[in-house]
Amino acid sequence: MYLEKPTVTDQINDLAANACSELFADYGVALARGHFDWSASNDPLLSSVMGFVCEPLRGTCLLVCERGPLETSCPPGGRARDWIGELANQLVGRLKIKLLAYEIDVALTTPIVLQGIRIQPLPRTATEPAMFSNPAGVVLVWTEVEVASGFSLPAPRPPEAGETGEMMLF
Amino acid sequence: MKKILIVDDSETIRITVSTTLEGAGFTVVQAVDGIDGLAKLAENDVSLIILDVNMPRLGGLEMLERIQAEPKFSKIPVVMLTTEAHFSLIERAKKLGAKGWMIKPVKPENLIAAAKKIST
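Heads up: the protein sequence lines correspond to chains A and B, in order.
For any residue, its number in our numbering is found by taking its place in the first sequence, counting from 1, and adding 70.
For any residue, its number in our numbering is found by taking its place in the second sequence, counting from 1, and adding 1041.
Just chain B, with the same shape it has in the complex:
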């Protein structure tokens, strides 16, 4: 069963994403910010990371930079899930290696489709 890491400082978003993806057959690990996300990444073999942008301690784009700099993590696909929508930020994430960008609120069917398509 594929495992997905959701990184978001909102508990409700983490619960919603987890419930949706677990219903579609995935296992989900939750992290509350970028620092927690990196720790959970080291402890779990994940097939996909769903990553918020604006978080305390370490934001999503900063976590993405650290993921890409680490050879054992850099092949894990990352999709951003955020309220941010400016094309310049989206371009920055794409250059950092993100595979997708979802603007909240995300429809459950879109979340499942993205997870099935992108997870390794």
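In isolation and in its complexed conformation, chain A is listed as follows:
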């Protein structure tokens, strides 16, 4: 039986938040994490959702961006609709690498892209996103996680994995 366990959810939310900050930094956008009223904006938002799953754990990550940080981070020639999906892919990919340090090896879904105003999930329990601001706009990350009964994240150790940006030639 899978249940939400707040301590695990909080740990994974922090990992996802760190992954988001690192990801945008790699694309030239410095994000400042904070706490603010993100829900008042009527600006359209692009978002992307990806799932991740393994034996003791399953979850979903929702990445929401205002146009500013999305367009600023997007490589030349790219389109916002495709880029938000790729950002979610790389965000959850980074989360996956971080989870490897806890001996958690998740499989990922492909991203789905959504557009709307005031996008947010309807979680089963009260949850807030990791909130980031940048002069160009706001970025939000929600993560919902359920784990098998009795599961807790073990102490982390160096993962058997490469690092983001690494190139290996054989």
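Please note that the accuracy of each hint is not assured.
[To be verified] Below, computed lysine-lysine pairings styled on DSSO-like, alpha-carbon distance capped at 30 Å:
| no. | chain 1 | residue 1 | chain 2 | residue 2 |
| --- | --- | --- | --- | --- |
| 1 | B | Lys1158 | B | Lys1043 |
| 2 | B | Lys1113 | B | Lys1135 |
| 3 | B | Lys1136 | A | Lys168 |
| 4 | B | Lys1140 | B | Lys1044 |
| 5 | B | Lys1140 | A | Lys168 |
| 6 | B | Lys1148 | A | Lys168 |
| 7 | B | Lys1081 | B | Lys1158 |
| 8 | A | Lys168 | B | Lys1135 |
| 9 | B | Lys1135 | B | Lys1158 |
| 10 | B | Lys1136 | B | Lys1113 |
| 11 | B | Lys1113 | B | Lys1158 |
| 12 | B | Lys1043 | B | Lys1113 |
In short, the hints are calculated from the structure, not lab data.
From a predicted model like this one, the values you see are computed outputs, not experimental measurements.
Using the hints, position chain B against chain A.
Positioned in the frame of chain A, the structure of chain B alone reads:
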């Protein structure tokens, strides 16, 4: 001019890789997934394949298996470009004949260096 095939379901990644490699003097052909990649491979004489892992219809490691099973394609070098980083996957790609593994985001200079070193 050497021709490179980039296979990735992200249009932005395809554009970024193409722009970088074309700036370095290569010609680039794009494919949106493994099925499209195999079709483009049959139509083009390529010197290198840059291949994403997680794609719809046919993933990168599955496309790599089919490339290796086909004598007319098996000598074309393949480098994986992906968010995946687990050593077990990297080892699997190496055993399937891949010549390299790049974890996104890849620096343009690394991409160009790999293309110049590995392309036939």
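For each hint, the structure was consulted:
1. Lys1158(B) with Lys1043(B): Within the cut-off at roughly 12 Å; holds.
2. Lys1113(B) with Lys1135(B): 20 Å, holds
3. Lys1136(B) with Lys168(A): 25 Å, holds
4. Lys1140(B) with Lys1044(B): Within the cut-off at roughly 17 Å; holds.
5. Lys1140(B) with Lys168(A): 25 Å, holds
6. Lys1148(B) with Lys168(A): 21 Å, holds
7. Lys1081(B) with Lys1158(B): 23 Å, holds
8. Lys168(A) with Lys1135(B): Roughly 23 Å separates the two Cα atoms, so the pair holds.
9. Lys1135(B) with Lys1158(B): Between lysine 1135(B) and lysine 1158(B) the Cα gap is close to 17 Å, so the pair holds against 30 Å.
10. Lys1136(B) with Lys1113(B): 19 Å, holds
11. Lys1113(B) with Lys1158(B): 21 Å, holds
12. Lys1043(B) with Lys1113(B): Holds, because 17 Å separates the two Cα atoms, which is no more than 30 Å.
Consistency note: the structure conflicts with none of the earlier hints.
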